[in-house]
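Protein chains in written order, with my numbering: chain A, 53 to 292; chain B, 53 to 292; chain C, 53 to 292; chain D, 9 to 272; chain E, 9 to 272; chain F, 9 to 272.
If you're looking for bench data, these hints aren't it; they were derived computationally from the structure.
Just so it is clear, the structure is predicted and the values come from calculations on it, not from any experiment.
Backbone N, C-alpha and C define an ideal beta-carbon position, used for all residues, glycine too.
You may find that some hints are simply not true.
Far from chain A by the CB rule (all over 10 Å, computed), these chain D residues [unchecked claim]:
hint: 1; residue: Lys18
hint: 2; residue: Asp38
hint: 3; residue: Pro79
hint: 4; residue: Ser100
hint: 5; residue: Arg103
hint: 6; residue: Lys169
hint: 7; residue: Glu217
hint: 8; residue: Val221
hint: 9; residue: Val256
As a list, the in silico BS3-like pairs of lysine-lysine whose alpha-carbon atoms are at most 25 Å apart [said to hold, decoys possible]:
hint: 10; chain 1: C; residue 1: Lys140; chain 2: D; residue 2: Lys191
hint: 11; chain 1: F; residue 1: Lys63; chain 2: B; residue 2: Lys54
hint: 12; chain 1: F; residue 1: Lys18; chain 2: B; residue 2: Lys87
hint: 13; chain 1: C; residue 1: Lys140; chain 2: D; residue 2: Lys187
hint: 14; chain 1: A; residue 1: Lys87; chain 2: E; residue 2: Lys169
hint: 15; chain 1: C; residue 1: Lys140; chain 2: D; residue 2: Lys268
hint: 16; chain 1: B; residue 1: Lys80; chain 2: F; residue 2: Lys60
hint: 17; chain 1: E; residue 1: Lys185; chain 2: A; residue 2: Lys54
hint: 18; chain 1: C; residue 1: Lys87; chain 2: D; residue 2: Lys60
hint: 19; chain 1: A; residue 1: Lys140; chain 2: E; residue 2: Lys30
hint: 20; chain 1: C; residue 1: Lys140; chain 2: D; residue 2: Lys169
hint: 21; chain 1: E; residue 1: Lys185; chain 2: A; residue 2: Lys140
hint: 22; chain 1: D; residue 1: Lys63; chain 2: C; residue 2: Lys80
hint: 23; chain 1: E; residue 1: Lys30; chain 2: A; residue 2: Lys87
hint: 24; chain 1: E; residue 1: Lys18; chain 2: A; residue 2: Lys140
hint: 25; chain 1: F; residue 1: Lys63; chain 2: B; residue 2: Lys87
hint: 26; chain 1: B; residue 1: Lys281; chain 2: B; residue 2: Lys267
hint: 27; chain 1: F; residue 1: Lys169; chain 2: B; residue 2: Lys87
hint: 28; chain 1: A; residue 1: Lys54; chain 2: D; residue 2: Lys135
hint: 29; chain 1: F; residue 1: Lys63; chain 2: B; residue 2: Lys286
hint: 30; chain 1: F; residue 1: Lys30; chain 2: B; residue 2: Lys80
hint: 31; chain 1: B; residue 1: Lys140; chain 2: F; residue 2: Lys185
hint: 32; chain 1: E; residue 1: Lys63; chain 2: E; residue 2: Lys169
Chain residues, written in single-letter form:
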Amino acid sequence: MKVGEPEEFIIDGRRLDGRRVDELRPLKIEAGVLKRADGSAYVEWGGNKVLAACYGPREIHPRHEANPQRAVLRTYYSMAPFSVYERKRPGPDRRSMEISKVTRQALESVVFTHLYPMTAIDVFIEILQAQAGTRCAGITAASVALADAGIPMKDLVPACAAGKVGGHIVLDLFDIEDNYGEADLPVAIVPRTGEVSLLQMDGNLTQEEFEQAFKLAVKGCMQVYEKQKEALRKRYGGSE
Amino acid sequence: MKVGEPEEFIIDGRRLDGRRVDELRPLKIEAGVLKRADGSAYVEWGGNKVLAACYGPREIHPRHEANPQRAVLRTYYSMAPFSVYERKRPGPDRRSMEISKVTRQALESVVFTHLYPMTAIDVFIEILQAQAGTRCAGITAASVALADAGIPMKDLVPACAAGKVGGHIVLDLFDIEDNYGEADLPVAIVPRTGEVSLLQMDGNLTQEEFEQAFKLAVKGCMQVYEKQKEALRKRYGGSE
Amino acid sequence: MKVGEPEEFIIDGRRLDGRRVDELRPLKIEAGVLKRADGSAYVEWGGNKVLAACYGPREIHPRHEANPQRAVLRTYYSMAPFSVYERKRPGPDRRSMEISKVTRQALESVVFTHLYPMTAIDVFIEILQAQAGTRCAGITAASVALADAGIPMKDLVPACAAGKVGGHIVLDLFDIEDNYGEADLPVAIVPRTGEVSLLQMDGNLTQEEFEQAFKLAVKGCMQVYEKQKEALRKRYGGSE
Amino acid sequence: MRQEIIADVKRDHIVNLLNSGKRVDGRAFDEYRELSVEVGINQRAEGSALVKLGKTQVMVGVKLAVGEPFPDMPDSGVLTTNAELIPLASPSFERGPPDEDTVELARVVDRAIRESQCIDMEKLCIKEGELVWIVFIDLHPLDYDGNLFDACTLGAIAALKNAVFPKLEENGRIDYKTKTEEKLPIVDTPVEVTFAKIGGHIVVDPCLEEEEVLDARLTIGYNERGEIVAMQKGGSGTFTQEEILDIVRRGREKAEFLRKHIPG
Amino acid sequence: MRQEIIADVKRDHIVNLLNSGKRVDGRAFDEYRELSVEVGINQRAEGSALVKLGKTQVMVGVKLAVGEPFPDMPDSGVLTTNAELIPLASPSFERGPPDEDTVELARVVDRAIRESQCIDMEKLCIKEGELVWIVFIDLHPLDYDGNLFDACTLGAIAALKNAVFPKLEENGRIDYKTKTEEKLPIVDTPVEVTFAKIGGHIVVDPCLEEEEVLDARLTIGYNERGEIVAMQKGGSGTFTQEEILDIVRRGREKAEFLRKHIPG
Amino acid sequence: MRQEIIADVKRDHIVNLLNSGKRVDGRAFDEYRELSVEVGINQRAEGSALVKLGKTQVMVGVKLAVGEPFPDMPDSGVLTTNAELIPLASPSFERGPPDEDTVELARVVDRAIRESQCIDMEKLCIKEGELVWIVFIDLHPLDYDGNLFDACTLGAIAALKNAVFPKLEENGRIDYKTKTEEKLPIVDTPVEVTFAKIGGHIVVDPCLEEEEVLDARLTIGYNERGEIVAMQKGGSGTFTQEEILDIVRRGREKAEFLRKHIPG
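Given only the sequences and the hints, what does the whole structure look like? Please build it.
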């Protein structure tokens, strides 16, 4: 047993932070929070505080990365030094590099990149405070920032994890569950088609548990999607 | 009290190295000391030994740094590994980066950069032996090296620090005064106009002390200026 | 005496691995072992296992390295992390940089680089398992890989070391001899002219010992040359 | 622009073949390429393996060292998985610090090894809170012809099973030249299975030509009991939810197939 | 060349306005933009602040760790100030190691904090010569619309005043999840005031448009008693000696103004 | 292409001169340029030297520190040789991490120092297995006009012979400001001699113009007894076997010549 591991994760049907197994942490999304960026979004999701900014379409540097058929979407996930308990040294680490890559691949299918050949669309995700689930919060913020920048998109991309803790399949793990639980399964979807653009897992799930967790995560994504649309409605008015 | 701190800085009107409060350390400047550089200067200033070399105007790499309206002045301050008591690891550190920047800004106003669009004028300052005041020695050497390279300039740029030690305002701090004193105020000027192109301070000065130290530093600059001109006269003859 | 140093290196005319003083370790060369590379070779030489791959002539990046009069030959020597007893951290170290340079200079004189202006010919040498003499094994593999890639060459370049252990001049040092012996002298030659394209030495040799070792190394090179030709004959048939 | 057009033509060709039920190299949709796993091929490593999957070749070395444990796991050894995509192995690999593909490969292989708990990490504790064994897994592709995930995971677990401890001297230093008889405590055999989606078709073990044109990729790690221990979706395209459920079910049998090729 | 011409046109516009007594955003020459300082906005940091100066936004986090003191200061804690100009905050910020602007920002803020001796560093000594507290100040601009020096120094001192110690366990490790009641020993409140010289005019708190065309910049750090603790001239232009003396005198009152915005 | 043509013209000129028995700077084929070696020219270094070889100027500093010995040499000090080709010294030197020329220079100089065993490394042991002296040799060319190998090796051994120990305090720290009378234990005086092959001619001590057009280069390190302790062939051309044997014999006398210039 790891230092700090709780004996039980669910007591009287409630998780250690008081939620039910299929309940999201409180989620708040705001669009258009920065002056300099072309588009931006701020997400507070439980103890996560995440800022995303979109610049583009803009000139691409270095030039040889330009694509004559479409815009190049570049995504960068980064954690502030004070976003975690033990100060994180600045600069990209291996985890951030992987998350940057899967974030890009989660978003690429919805952006109409062919409209802007030879340009870059850059999305920066900054984790200001972390409490597990930052990649999902980042993808969620990023697609709102893209929309806020006026980049044409097929759909927004909400993301949400499910997982297994103390033998139970639960939605949207917070840090204690993430550190000491049995599995984490982050998912991102394209709501209009229901297709899956991000899927990762680590831990241990039987076939049945996987199917249950996967479906729960997809449901979570749909709840996140509503919050994303609400944030954009709030900023731009109209009925989306 | 820091390890090694002296009890008094001024005894019977003399500083720990025997100087009066408004007295410069011995200063020797020689122009044209290197074969390969387009211009060069060697400065011995108290225990400081500093070499400056100027290359340019020359082709600029990387190309995208070129400016179609003027030459780009680049300055690099660097300390030899054996220039300080504890061997310095090679390569730029944060202090060197800052000094390189303020050195460039101290010199930019006097160089007729608009005469050489699309080129670079590179100035390298190498601290071979350090005894406090190396940034002033470097700027002093750099402007002589620029002149030696035949770069048209409005004026030379002499630099000199004043500071406060043991409650006294003094000129041109040496290492013990710099390490254990109360304030250091390096200044560079353009003598023909008296304008100030470098000004930094760290420590603690009242308004009045600042004014006193600032004026003392400017006076020191004028003494340095005489040595600069003398070095160029010695190299090129004439009365400058 | 270093930790682990043997008391004697030669007992009853045999070295610690059973060889005579002028005997090579077992040497096996195979050409054309990789699909993706344009040319490749695998060398097992005593406890050394070395792979070399040649890519080119191909487009050169970065572009400014291109030479309008000839191909640029680039060689990279690298050790796998598990090639030595204490795991080697990935990435080039100073030793690898030096060996990459002398390897390139050992090969440059035989490649008809002027046939392919503006291109790069890249040779990568990967040490998979090391038992002393890896630079010679690498050069030996590299020239076979170049030939396998169809690059026109004046000749192959075999390499072999001689050295001094326990007072004796011996051919082709293995690791114990290399670590605890008195001198190591790697040599590469162009067999058709007998000229020397690589020569390094560290240790201690009198004038006479040097001459003896040098001639022995050249003889070793000629034996290696036979194995190189055999490998190419085996791959391409014919009598070379 | 020419490169883009060539890529489109290649893709059309591969998709057309798939539409008529064929793969570019003649395999069935659910068929792996020829596979071999050799172990003990490196005398400097504590454990080693050479995997050949079609023309893809991967060498994996396991090295052991000693060091301090992590403060929150004082009685547990340390696992470090590293990949190098050396330019010898492919014209598309470049020199320099690890890029995101290299890092992803190392992390996805690491995930299966770590999450399956295949190494009994507590047996690697020498002195609690002070000294533990550190296991380095180095993934070293030599010839890149597609599907490094599956090949590297296979190589990693094969090399781990092949590994023996070197002699630990009393002063806490390792005598690498003296190997003991004791094997690393390996208690499970995870493998990873990769599927690619190309023009709506799902195929297993994509070769390089398929990787270059795929829409999406899904890699799943399974332990010996067929439980899922790692997943990684790749590619800029998407899967339907049904495709994912189906792939996860079908992968289990492929995992069994791969596991049979591991010696020992 | 087009960029250069646009810059010239912008500069002419701003200087013309200044000649007629107006600033580009309508402020008086000696007027700061709207300013707010919130503290305690980050639960992972020991102390934190969010500064909004016009549209410029800066987050500052203070983290505490333990380590060895410097050998020449055996009974003194260690202060480390770091800045990151993340590309999220401006199209002119680039990824990569800190450039000279980043380093200058960190060092100029550090200077005011350090030289004002606002942290009682001897109170950070845990065991002389062996274990002391290390204070990390991370300056993290989120939206860059000019004058980072003043905003970051304000954020730094506000975050320091906000900081409480985490629990130090007996084994010398920190339990970051348990915060104590004890505050960092802050004994002064330095702030920095920045003036810009544009076409011969001196204005305080330059916004981005002004920064882009300024001739010279002067930043001055003041402690609570109005003494000068740090200075940094910037820009490739010059100041007259009179301008400098005048600015230094006038800055003191601006410092008082800024200091009032610091909570607690 | 222009640069290439200029290089060809230069080369033709130099070879034509050599064909008629002359060098570009008027020297005999076996003649060194004017040489001076000054020591003790740097008060921060424990030992220092300034070498002028024609217009080539090299400063070498020796610094001493203390640290742990290598585990396989527990009673032996540590030697580290480093070179920096600073852009001040030549338009062809660039900023950035050491390139292969820099590394080669440091390693070839190191080879002569190390392999001649000129430092009695066991005398640098302070406490076996725990604390030893570390000798840093920093090679610092100031003006590059050819043949850095010979100039730097001369500077290195001169600076080593000039070096005295600083005071070692009881707590294991060094008081650099207090120098002792004790000199570094130097027991041999290795030097390196470099020959260049240009158009079939062999010349000693190539100046920059010769270096730029040479076919091949051979550097040989000799100890005091005339034994060979280091060799390095350079350049993309070749030597005949006879040329090598001849150079190695002739170099010994040049080594004697160089050694005479070392003070003390």
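Status of the hints after comparison with the structure:
For D/Lys18, the non-interface assignment is confirmed: its Cβ lies about 15 Å from the closest Cβ of chain A, beyond the 10 Å cut-off. Distance check for D/Asp38 against chain A: the nearest CB is about 18 Å away, which clears 10 Å, and the non-interface claim stands. For D/Pro79, the non-interface assignment is contradicted: its Cβ lies about 8 Å from the closest Cβ of chain A, within the 10 Å cut-off. With 10 Å as the threshold on Cβ separation, the claim that D/Ser100 sits away from chain A holds: the shortest Cβ distance comes to roughly 15 Å.
No beta-carbon of chain A comes within 10 Å of the beta-carbon of D/Arg103; the shortest separation is about 17 Å. At roughly 20 Å, the least C-beta separation between D/Lys169 and chain A is larger than 10 Å, which holds for a residue marked as non-interface. Here D/Glu217 stays apart from chain A, with its beta-carbon at least about 20 Å from theirs, past the 10 Å limit. Taking the minimum C-beta to C-beta distance to chain A, about 15 Å, the non-interface status of D/Val221 holds against the 10 Å cut.
In this structure D/Val256 is not separated from chain A by more than 10 Å, as the shortest Cβ-Cβ distance comes to only about 6 Å. With a C-alpha separation of about 22 Å, the suggested pairing of C/Lys140 with D/Lys191 holds against the 25 Å cut-off. Distance restraint check for F/Lys63 and B/Lys54: the Cα-Cα separation of roughly 45 Å exceeds the 25 Å cut-off, and the hinted pair is therefore not satisfied. With a C-alpha separation of about 19 Å, the suggested pairing of F/Lys18 with B/Lys87 holds against the 25 Å cut-off.
For a cut-off of 25 Å, the pair hint linking C/Lys140 to D/Lys187 stands: about 19 Å separates their Cα positions. As the CA atoms of A/Lys87 and E/Lys169 are separated by approximately 28 Å, the hinted pair breaks the 25 Å bound. A hinted pair counts as satisfied when its Cα atoms are at most 25 Å apart, and C/Lys140 with D/Lys268 does not qualify at roughly 32 Å. With a C-alpha separation of about 21 Å, the suggested pairing of B/Lys80 with F/Lys60 holds against the 25 Å cut-off.
Annotation: proposed proximity of E/Lys185 to A/Lys54 holds, straight-line Cα distance about 16 Å (limit 25 Å). Pair hint C/Lys87 plus D/Lys60 holds up; C-alpha atoms about 12 Å apart against a cutoff of 25 Å. Distance check on the hinted pair: A/Lys140 and E/Lys30 sit about 44 Å apart at the alpha-carbon level, beyond 25 Å; violated. For the hint pairing C/Lys140 with D/Lys169, the CA-to-CA distance comes to about 22 Å; that is within 25 Å, so the pair holds.
Proposed proximity of E/Lys185 and A/Lys140 is supported: the alpha carbons are some 16 Å apart, at most 25 Å. Taking the CA atoms of D/Lys63 and C/Lys80, the gap is about 22 Å. The hint holds against a cut of 25 Å. The straight-line distance between the Cα atoms of E/Lys30 and A/Lys87 is roughly 23 Å, inside the 25 Å bound, and the hint therefore holds. Distance hint between E/Lys18 and A/Lys140 is unfulfilled; the C-alpha atoms sit about 40 Å from each other, more than 25 Å.
Proposed proximity of F/Lys63 and B/Lys87 is supported: the alpha carbons are some 7 Å apart, at most 25 Å. A hinted pair counts as satisfied when its Cα atoms are at most 25 Å apart, and B/Lys281 with B/Lys267 qualifies at roughly 22 Å. At roughly 29 Å between alpha-carbon atoms, F/Lys169 and B/Lys87 are farther apart than 25 Å, so this suggested pair is violated. For the given pair, A/Lys54 sits about 17 Å from D/Lys135 by alpha-carbon distance, which is consistent with the 25 Å threshold.
The hinted pair formed by F/Lys63 and B/Lys286 meets the criterion: a straight-line CA distance of about 21 Å does not exceed 25 Å. Straight-line distance between C-alpha atoms of F/Lys30 and B/Lys80 comes to about 41 Å, which puts the hinted pair past the 25 Å bound. Under the criterion of a C-alpha separation no larger than 25 Å, the hint pairing B/Lys140 with F/Lys185 is consistent with the structure, at around 16 Å. As the CA atoms of E/Lys63 and E/Lys169 are separated by approximately 24 Å, the hinted pair is consistent with the 25 Å bound.
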